[in-house]
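Asks: Each chain, written out:
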Amino acid sequence: MTWSVDDVTLNSRLVMGTGGASSLSILEQALEASGTELTTVALRRYDGQARDSVFALLQSLGIRILPNTAGCYTARDAVLTAQLAREALETNWVKLEVIADEETLLPDPVELFRAAEELVLDGFTVFAYTNDDPALAKRLEDAGVAVVMPAGAPIGSGLGILNPHNIETIVSRAQVPVILDAGIGTASDAALAMELGCTAVLLASAVTRAHDATAMARAMSLAVESGHLAAHAGRIPKRPLAFASSTFDGMVTPA
Amino acid sequence: MTDTITITLNGEHHALAGPTTARDLVSSIVDKELTAEGTPVDGSRLGIAVAVDGEVIRRGQWSDFTLREGHGVDIVTAVQGG
Chain A
483 MTWSVDDVTL NSRLVMGTGG ASSLSILEQA LEASGTELTT VALRRYDGQA RDSVFALLQS
543 LGIRILPNTA GCYTARDAVL TAQLAREALE TNWVKLEVIA DEETLLPDPV ELFRAAEELV
603 LDGFTVFAYT NDDPALAKRL EDAGVAVVMP AGAPIGSGLG ILNPHNIETI VSRAQVPVIL
663 DAGIGTASDA ALAMELGCTA VLLASAVTRA HDATAMARAM SLAVESGHLA AHAGRIPKRP
723 LAFASSTFDG MVTPA
Chain B
18 MTDTITITLN GEHHALAGPT TARDLVSSIV DKELTAEGTP VDGSRLGIAV AVDGEVIRRG
78 QWSDFTLREG HGVDIVTAVQ GG
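Top to bottom, those sequences are chains A and B.
Numbers in my numbering are just positions in the first sequence, counted from 1, shifted up by 482.
Numbers in my numbering are just positions in the second sequence, counted from 1, shifted up by 17.
Be aware that a few hints might be false.
As the list claims (entries may be wrong) - If the Cβ cut is set under 7 Å, some of the chain A residues that face chain B in the computed set are:
{"no.": "1", "residue": "527"}
{"no.": "2", "residue": "537"}
{"no.": "3", "residue": "539"}
Claimed, not checked - Far from chain B by the CB rule (all over 12 Å, computed), these chain A residues:
{"no.": "4", "residue": "524"}
{"no.": "5", "residue": "592"}
{"no.": "6", "residue": "636"}
{"no.": "7", "residue": "644"}
{"no.": "8", "residue": "733"}
The hints are simulated quantities; they were obtained by calculation from the structure and are not laboratory data.
Note that the Cβ used here is the ideal one computed from N, Cα and C, for glycine as well.
Just chain B, same shape as in the assembly:
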């Protein structure tokens, strides 16, 4: 069995079942399959960015970035404004 990992996702506690990459997390949150480069398999544009503990994780690095206990993750997108 694998240990649960708890992160903060967009300001709230979020439990991960086991080792999870940033790409896995984004994929589950937006409910889209992603390529190794972090782009949607369906060819659309994702319009999403990820920061972990205040540092932007580039799309191409999501697959290699494994989330750890206590990480503060923000997943952001465009909304109406300005």
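Okay, chain A solo, but in the shape it has when bound:
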């Protein structure tokens, strides 16, 4: 049931983000309820308020940190941010996020690919946040990224998985783990991602902005687990018409 990146074995298939939580204590409860073992942070200028930092919180919970390059529009900015993250947080892992515009927050394919190539050469273990485009996903894998992370829908939209067929295609052709990243709104979305064959699910807003973040974190944890089990349980084929589960033999009929 485990999965691994770089010989690091992970039990939980739920990767959490820390954005959107209204307080560190709510975040802490949600992270614990989620059972996550890998969680993203962003990198920003130090403002003196970092005493009770998210870095300290993740360390105390024993959760591995996955720094991201959120907010970067160019390969150049993303590479510098990744290098700063490696230095600050002492990890080669990076969630590479290079966005095209503020409105969609969707990845800019050209800058994303350039940054991926550069970071792979620089020794990073790249988790590439990408569009739900099977061709781009393949190119990123060929460039050496460790994990491909297609968006289900725009970040924070809660729209779920808009193109399940593309996600399935990406999974079926990938030799590296595929993590469904972004767009998850509720538990059924996370379960669907796993049923489509994803290795894991990454989400933040769906939990941190839920009315009851802790309850939603638990729901996501169960959804990811049940989706994973279902994906490997050999589901029944879909049929156009009914297929009786009770035998018609021995039916009681009026005399």
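Since the structure of chain A is already known, use the hints to place chain B on it.
Replies: Positioned in the frame of chain A, the structure of chain B alone reads:
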């Protein structure tokens, strides 16, 4: 008397009283004593990185890196995100 050195720190003008290394600057900003290797004396993890004019200065080099007039310094840390 020593001349004041003006740098840009996290996007704002910042005056240094005299010759200052990157380690001195980080130490004063985070209010922690640092070893020559740039790690906190108290054994904790700092969670901080430094870039000068867009180039990362590795922790182990902070003690040897003296800031000059006009340097653009960024000191960054992890925040909630993603």
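Asks: If a hint holds in the structure, say so; if it does not, say that too.
Replies: Do the hints match the structure? See the list:
| no. | hint | verdict |
| --- | --- | --- |
| 1 | 527 | holds (4 Å) |
| 2 | 537 | holds (4 Å) |
| 3 | 539 | violated (9 Å) |
| 4 | 524 | violated (3 Å) |
| 5 | 592 | holds (21 Å) |
| 6 | 636 | holds (14 Å) |
| 7 | 644 | holds (20 Å) |
| 8 | 733 | holds (59 Å) |
Hint violations for this structure: numbers 3 and 4, all remaining hints satisfied.
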